[in-house]
Amino acid sequence: MSSTTCRDPRSTRFVDAKPLEGEFKTSIDNAKKVVVMTFGSVCDPKLMPDSWKEAFLGAFRRFPEVQFVFRYGGTDLDTKKPSNVLLSKWLPQADLLQHPKTAAFISHGGYNGLQEAINSGTPIITIPLFGDQPRNGRIAAKHGFGYNLQKEDISEENVVKALEAILNNPDYSNSRMQNMIAKKPVQPEQLLRKWTEFLGEFKQARQPRALWD
Numbered sequence: 082m083s084s085t086t087c088r089d090p091r092s093t094r095f096v097d098a099k100p101l102e103g104e105f106k107t108s109i110d111n112a113k114k115v116v117v118m119t120f121g122s123v124c125d126p127k128l129m130p131d132s133w134k135e136a137f138l139g140a141f142r143r144f145p146e147v148q149f150v151f152r153y154g155g156t157d158l159d160t161k162k163p164s165n166v167l168l169s170k171w172l173p174q175a176d177l178l179q180h181p182k183t184a185a186f187i188s189h190g191g192y193n194g195l196q197e198a199i200n201s202g203t204p205i206i207t208i209p210l211f212g213d214q215p216r217n218g219r220i221a222a223k224h225g226f227g228y229n230l231q232k233e234d235i236s237e238e239n240v241v242k243a244l245e246a247i248l249n250n251p252d253y254s255n256s257r258m259q260n261m262i263a264k265k266p267v268q269p270e271q272l273l274r275k276w277t278e279f280l281g282e283f284k285q286a287r288q289p290r291a292l293w294d
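82 is the number of the first residue of the sequence shown in our numbering; add one for each residue after it.
These are calculated hints, taken from the structure and not from any lab test.
Errors might be hidden in some of the hints.
[To be verified] Cβ-Cβ distance ranges computed for the label pairs, FRET-style:
#, residue 1, residue 2, range
1, Lys161, His224, 32 to 40 Å
2, Pro163, Arg216, 16 to 24 Å
3, Trp171, Glu238, 27 to 35 Å
4, Glu278, Pro163, 17 to 25 Å
5, Glu146, Lys106, 12 to 20 Å
6, Lys161, Glu278, 18 to 26 Å
7, Asp159, Glu233, 24 to 32 Å
8, Asp110, Arg219, 35 to 43 Å
9, Glu278, Lys170, 40 to 48 Å
10, Val123, Ser236, 34 to 42 Å
[Stated by the list, open to error] Derived pair list, reagent style BS3-like, types lysine-lysine, alpha-carbon separation capped at 27 Å:
#, residue 1, residue 2
11, Lys223, Lys242
12, Lys99, Lys134
13, Lys162, Lys106
14, Lys162, Lys223
The beta-carbon is built from N, C-alpha and C at its ideal position, and this holds for glycine as well.
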């Protein structure tokens with residue numbers, strides 16, 4: 082197994098994923114499927130509206146065979162969450178996404194998370210919040226490996242609808258994009274080196290455009 086370690090697809094490289102330990106291993110060993118949920122390091126999910134928290138927990142409760150692993154640092158949900166939800170203030174995200182039982186990734190659609198989803202072959206539910214995230218969500222939906230849920234549409238029923246679409250529809254598998262990245266004619270390290278040499282020679286050149294542009 083492998084996981085992405087770099088921010089930019091020009092320099093993305095793969096390293097071996099580490100085995101899960103502790104509560105992560107215990108929870109996933111006993112699950113049929115796993116869904117990983119995180120809003121990154123910038124957005125604190127403790128501050129999300131209570132209606133969102135209720136919508137997510139209500140939806141998760143309706144998938145008892147799925148283990149949900151949610152990056153959440155607060156304690157206010159400890160007595161409200163269903164038994165199939167693991168809350169943790171930190172996640173071994175790349176290792177979780179590489180796990181063979183992981184069937185979906187719920188994310189705000191940040192650039193790094195999108196790359197990890199692609200490189201691990203994990204379909205993604207994007208809930209864009211700001212910045213480039215709406216665009217990233219549209220990219221995932223356009224290329225068939227993501228379901229884009231707008232934040233103003235968050236409700237228990239809509240979260241259930243998104244989960245059912247990802248978990249029950251094999252068309253959302255992004256293994257094709259994963260293979261395309263792995264088998265590019267020019268590997269990321271080579272491309273990064275060439276761009277570095279080029280920009281060193283032509284210092285006034287514009288920054289090379291990202292893969293998604």
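Right, here's what the structure says about each hint:
Between Lys161 and His224, the C-beta spacing of about 36 Å keeps the proposed range 32 to 40 Å intact. Checked against the hint of 16 to 24 Å, the C-beta distance between Pro163 and Arg216 comes to roughly 33 Å, which is inconsistent with it. Distance hint check: the CB atoms of Trp171 and Glu238 are about 31 Å apart, consistent with the given range 27 to 35 Å. For the hinted restraint 17 to 25 Å between Glu278 and Pro163, the CB-CB distance of approximately 54 Å leaves it violated.
For the pair Glu146 and Lys106, the beta carbons lie near 18 Å from each other, so the given range of 12 to 20 Å is met. Taken as a hint, the range 18 to 26 Å is violated for the pair Lys161 and Glu278, whose Cβ atoms sit roughly 55 Å apart. Here the CB-CB span from Asp159 to Glu233 is close to 28 Å, well matched to the stated 24 to 32 Å. Distance hint for Asp110 and Arg219: a CB-CB separation of about 36 Å, consistent with the stated range 35 to 43 Å.
A hinted range of 40 to 48 Å holds for the C-beta pair Glu278 and Lys170, which are about 42 Å apart. For the pair Val123 and Ser236, the beta carbons lie near 24 Å from each other, so the given range of 34 to 42 Å is not met. For the hint linking Lys223 to Lys242, the alpha-carbon distance of about 18 Å falls within 27 Å, and the restraint holds. The hinted pair formed by Lys99 and Lys134 fails the criterion: a straight-line CA distance of about 30 Å is larger than 27 Å.
Simply put, Lys162 and Lys106 have alpha-carbon atoms about 19 Å apart, close enough for the 27 Å limit, and the pair holds. The straight-line distance between the Cα atoms of Lys162 and Lys223 is roughly 33 Å, outside the 27 Å bound, and the hint therefore fails.
In this structure, the earlier hints numbered 2, 4, 6, 10, 12 and 14 are contradicted, and the remaining ones agree with it.
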